[in-house]
Amino acid sequence: MKRLNLFLSLFVLLAVMLSACAPAATPAPANPDLILATTTSTQDSGLLDVLIPLFEAQTGYKVKTVAVGTGAALKMGEEGNADVLLVHAPASEAALMDAGFGKDRMLVMHNDFIIVGPADDPAKIKELGPKDAFAAIYNAGVPFVSRADDSGTNKMELSFWKKAELDPTTEKPAWYIESGQGMGATLTIASEKAAYTLTDRATYLANKGNLQLEILLEGDNALLNVYHVITVNPDKWPKTNYDGALAFAKFMTDPATQAVIASFGVDKFGQPLFYPDADRTDADLGL
Amino acid sequence: MTVLIEVRDLLVQREKKTVLEIEHLSVEAGEVLAVVGPNGAGKSTLFLTLARLLKAARGTIHFDGTSSLNTLEYRRRIALVLQEPLLMDASVKDNAAIGLRFRGISKAESDRRVGHWLGRLGVAHLAERPARKLSGGESQRVSLTRAFVLQPELLLLDEPFTALDAPTRLRLLDDLKSVLAETSTTTIFITHDLQEAAKLATRMAVMLNGRVHQVGEPRQVFAHPADAQVAEFLGTQGG
Amino acid sequence: MTDLLPITLLSLQVSTLATLISLLIGLPLGTALALSKFPGRAFIMSLINTGMALPPVVVGLFVAMSLWRSGPLGDLKLIYTPAAIVIAQTIIASPVVTGLTAAALQQLDPRLRLQLYGLGASRVQMIFSLWREARLPLLAALMAGFGSVISEIGASMMVGGNIKGQTRVLTTAIVLETGKGEFETAIALSIFLLTITFLVNWALTAIQQRGRQ
Numbered sequence: 047m048k049r050l051n052l053f054l055s056l057f058v059l060l061a062v063m064l065s066a067c068a069p070a071a072t073p074a075p076a077n078p079d080l081i082l083a084t085t086t087s088t089q090d091s092g093l094l095d096v097l098i099p100l101f102e103a104q105t106g107y108k109v110k111t112v113a114v115g116t117g118a119a120l121k122m123g124e125e126g127n128a129d130v131l132l133v134h135a136p137a138s139e140a141a142l143m144d145a146g147f148g149k150d151r152m153l154v155m156h157n158d159f160i161i162v163g164p165a166d167d168p169a170k171i172k173e174l175g176p177k178d179a180f181a182a183i184y185n186a187g188v189p190f191v192s193r194a195d196d197s198g199t200n201k202m203e204l205s206f207w208k209k210a211e212l213d214p215t216t217e218k219p220a221w222y223i224e225s226g227q228g229m230g231a232t233l234t235i236a237s238e239k240a241a242y243t244l245t246d247r248a249t250y251l252a253n254k255g256n257l258q259l260e261i262l263l264e265g266d267n268a269l270l271n272v273y274h275v276i277t278v279n280p281d282k283w284p285k286t287n288y289d290g291a292l293a294f295a296k297f298m299t300d301p302a303t304q305a306v307i308a309s310f311g312v313d314k315f316g317q318p319l320f321y322p323d324a325d326r327t328d329a330d331l332g333l
Numbered sequence: 007m008t009v010l011i012e013v014r015d016l017l018v019q020r021e022k023k024t025v026l027e028i029e030h031l032s033v034e035a036g037e038v039l040a041v042v043g044p045n046g047a048g049k050s051t052l053f054l055t056l057a058r059l060l061k062a063a064r065g066t067i068h069f070d071g072t073s074s075l076n077t078l079e080y081r082r083r084i085a086l087v088l089q090e091p092l093l094m095d096a097s098v099k100d101n102a103a104i105g106l107r108f109r110g111i112s113k114a115e116s117d118r119r120v121g122h123w124l125g126r127l128g129v130a131h132l133a134e135r136p137a138r139k140l141s142g143g144e145s146q147r148v149s150l151t152r153a154f155v156l157q158p159e160l161l162l163l164d165e166p167f168t169a170l171d172a173p174t175r176l177r178l179l180d181d182l183k184s185v186l187a188e189t190s191t192t193t194i195f196i197t198h199d200l201q202e203a204a205k206l207a208t209r210m211a212v213m214l215n216g217r218v219h220q221v222g223e224p225r226q227v228f229a230h231p232a233d234a235q236v237a238e239f240l241g242t243q244g245g
Numbered sequence: 223m224t225d226l227l228p229i230t231l232l233s234l235q236v237s238t239l240a241t242l243i244s245l246l247i248g249l250p251l252g253t254a255l256a257l258s259k260f261p262g263r264a265f266i267m268s269l270i271n272t273g274m275a276l277p278p279v280v281v282g283l284f285v286a287m288s289l290w291r292s293g294p295l296g297d298l299k300l301i302y303t304p305a306a307i308v309i310a311q312t313i314i315a316s317p318v319v320t321g322l323t324a325a326a327l328q329q330l331d332p333r334l335r336l337q338l339y340g341l342g343a344s345r346v347q348m349i350f351s352l353w354r355e356a357r358l359p360l361l362a363a364l365m366a367g368f369g370s371v372i373s374e375i376g377a378s379m380m381v382g383g384n385i386k387g388q389t390r391v392l393t394t395a396i397v398l399e400t401g402k403g404e405f406e407t408a409i410a411l412s413i414f415l416l417t418i419t420f421l422v423n424w425a426l427t428a429i430q431q432r433g434r435q
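So the protein lines, in turn, are chains F, P and B.
Each residue of the first sequence is one higher than the last, beginning at 47 in the numbering used here.
Each residue of the second sequence is one higher than the last, beginning at 7 in the numbering used here.
Each residue of the third sequence is one higher than the last, beginning at 223 in the numbering used here.
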């Protein structure tokens, strides 16, 4: 009798366990599963937590949002492991499009990068432009934290070092700290070490309460962080859900969605985190 | 008197070496055969082979007139008692009933037999006790109970009292002797203690170097050893 | 944070299921390793011991590579599902359960098998008797298996993708919330996880202490 009870409880337990794996019922589209590859900073901003449910409700697609580093997201597009990409590394995106892995590429929105650092600004970058600011940090030898993870933010940082004709990534001076992590973790490190770092405004605002960093440089055109949505080319990868990817791309550039993007974050931070750009071109943003 | 078990032409090898070679050995129903001999004589090998826990390279074992019982059927007609009682982590009662459970005997019948035999072997008061907490003598009584509840046609004992102190051993010996007499259970038991053999056995087999040198009533064997080696073995043990 | 309970529930579901499957694999396999002698046994034992120390993130990477669309099993469409996490965690827990089952049975007196056979046990009855005899260390093996997966993050992250409402488990959620600066939420999730691991370890210790009497 004890053995029977044991089997019954195990059976019930198993049934409860298996319910975790049971697929949910889905409506309309023929292939409802859509894999969206995006970056950790995009996810961390919380924007997708608002937009994805809207998209799913409107279209019946079930989106799997996988947030990885920019490099990994682009790679997923190249290998057909994602259906649609939402990324912000224009140079690398161009390479992806040239190689034929992306079919449609649409401008969605931008936010901007800012340089944050300790309030007393030891390298005195406050009045400088971004290129000179990086040079000042280099010459002062004050701590700087790099994402060092091939992300969009990292690529922007590296472009500035290049413009200033400096190369701390190769030289690896003691003040150059490579975190290898997402923006939130990198900001925490910078805060703890009273270091400078390049960050997108959205992540900074979201974490501001826990940081002892101030905005020291902002507003320059060169600091724009531009987001595009790219559908993975079904000619290269027939198994991708192109219909779903295109639906998502159209959704992101749709005026109603753009309005949602424009108002995101205003009540929490007093300013929007993203600026919608679907009605503009790359050239307008200096790309 | 019918022959219950008969061994013919038995050859057992371990790593290509012959450890047991018996041309003929038979045990009659109801008798108690003691197998004596020094360490390494092959007694345990014979024991394991008779229990069909060890495979012979050659030879037959006739049991109750047949040599074609499958292993499980055979083993369910015998019972084993080893030197260490090896009781399980459960009550004395559950330990005693284990062989009955294997055979699918009903609970009512099982309880009846266990109750009777625990009483007969003087450990009824320990029935609910965790078996791990018994003394050496008590444990071995439970091991004997475990065997007798099965009403085996053949009982095999391997030095069952060697690990016990002298007074415990004597008491157990007496109890076992009377139980064997009551039940007329055919018994083969291994021992290196000649006094035990003399006390319990109807016949005694002397094993040396893997062979049976002599079989006979204990008094006969002591009085007339078959060869010099047997004499030496019996002599060194005192007789 | 209304997600707290679904996340905790999912963690419990996948890790418990993975542990149960590991039991189905590990119990027979560990028993065979403990009781049989066959060529290559020592080799398999050393594989199991190595397997017990497999880094979860490495398991996650290899399972992910297999389950990606670009991988050999991509057509199964298991990537980024709870089932994928169960698969990865089963691979992590199975060596633990197998190795500890084998150890538990090897600790039993080898003559016990002979005694049981000599009382008329069939092979199956003998094995069940040994399992009953070693039930405390076997339960410990099960709990060790569970412990090895409930707190792992590498595999869950790689094959699950930490997708909100779908594959977000306690460990991946903690990292996410920390990365977003939501420390209070991260701490709340951590307390849930700690409570689970504490309860499991407490039960394990209690079982072992009882066996020691």
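I should point out that these hints are in silico values taken from the structure, not numbers from a laboratory.
Some hints here could point you the wrong way.
[Claimed, not checked] Computed list of lysine to aspartate or glutamate pairs in EDC-like fashion (alpha-carbon distance at most 16 angstroms, straight line):
hint: 1; chain 1: F; residue 1: K172; chain 2: F; residue 2: E264
hint: 2; chain 1: P; residue 1: K205; chain 2: P; residue 2: D233
hint: 3; chain 1: F; residue 1: K209; chain 2: F; residue 2: D266
hint: 4; chain 1: B; residue 1: K299; chain 2: F; residue 2: D266
hint: 5; chain 1: P; residue 1: K205; chain 2: P; residue 2: D70
hint: 6; chain 1: B; residue 1: K386; chain 2: F; residue 2: E102
hint: 7; chain 1: B; residue 1: K386; chain 2: F; residue 2: D158
hint: 8; chain 1: F; residue 1: K282; chain 2: F; residue 2: E264
hint: 9; chain 1: F; residue 1: K108; chain 2: F; residue 2: D150
hint: 10; chain 1: B; residue 1: K386; chain 2: F; residue 2: D95
hint: 11; chain 1: F; residue 1: K282; chain 2: F; residue 2: D150
hint: 12; chain 1: F; residue 1: K149; chain 2: F; residue 2: D166
hint: 13; chain 1: P; residue 1: K139; chain 2: P; residue 2: E90
hint: 14; chain 1: F; residue 1: K239; chain 2: F; residue 2: D166
hint: 15; chain 1: F; residue 1: K254; chain 2: B; residue 2: D297
hint: 16; chain 1: F; residue 1: K285; chain 2: B; residue 2: E406
Remember, predicted model here, so these are calculated numbers, not experimental data.
Quick rundown of the hints versus the structure:
Pair hint K172(F) plus E264(F) holds up; C-alpha atoms about 9 angstroms apart against a cutoff of 16 angstroms. Distance hint between K205(P) and D233(P) is unfulfilled; the C-alpha atoms sit about 23 angstroms from each other, more than 16 angstroms. For the suggested pair K209(F) and D266(F), the alpha carbons sit about 15 angstroms apart, so the restraint of at most 16 angstroms is met. The hinted pair formed by K299(B) and D266(F) fails the criterion: a straight-line CA distance of about 45 angstroms is larger than 16 angstroms.
A C-alpha spacing of about 27 angstroms is found between K205(P) and D70(P), which places the hinted pair above 16 angstroms, so the restraint is violated. For the given pair, K386(B) sits about 13 angstroms from E102(F) by alpha-carbon distance, which is consistent with the 16 angstroms threshold. Restraint check for K386(B) and D158(F): not satisfied, since their Cα atoms lie roughly 26 angstroms apart, outside the 16 angstroms limit. With a C-alpha separation of about 40 angstroms, the suggested pair K282(F) and E264(F) falls outside the 16 angstroms cut-off, and the hint is violated.
Taken as a hint, the K108(F) and D150(F) pair is broken in the structure, with Cα atoms around 21 angstroms apart against an allowance of 16 angstroms. Restraint check for K386(B) and D95(F): the C-alpha separation of about 8 angstroms stays at or below 16 angstroms, so the hint holds. For the proposed pair K282(F) and D150(F), the alpha carbon gap of about 13 angstroms is at most 16 angstroms, so the pair holds. Of the supplied pair hints, the one linking K149(F) and D166(F) is violated, its CA atoms being roughly 48 angstroms apart against a limit of 16 angstroms.
With a CA separation close to 14 angstroms, the supplied pair K139(P) and E90(P) stays within the 16 angstroms bound. For the proposed pair K239(F) and D166(F), the alpha carbon gap of about 13 angstroms is at most 16 angstroms, so the pair holds. Note on K254(F) and D297(B): the hinted pairing is violated, with a Cα-Cα distance of about 44 angstroms set against a maximum of 16 angstroms. Straight-line distance between C-alpha atoms of K285(F) and E406(B) comes to about 41 angstroms, which puts the hinted pair past the 16 angstroms bound.
Of the numbered hints listed earlier, those contradicted by the structure are 2, 4, 5, 7, 8, 9, 12, 15 and 16.
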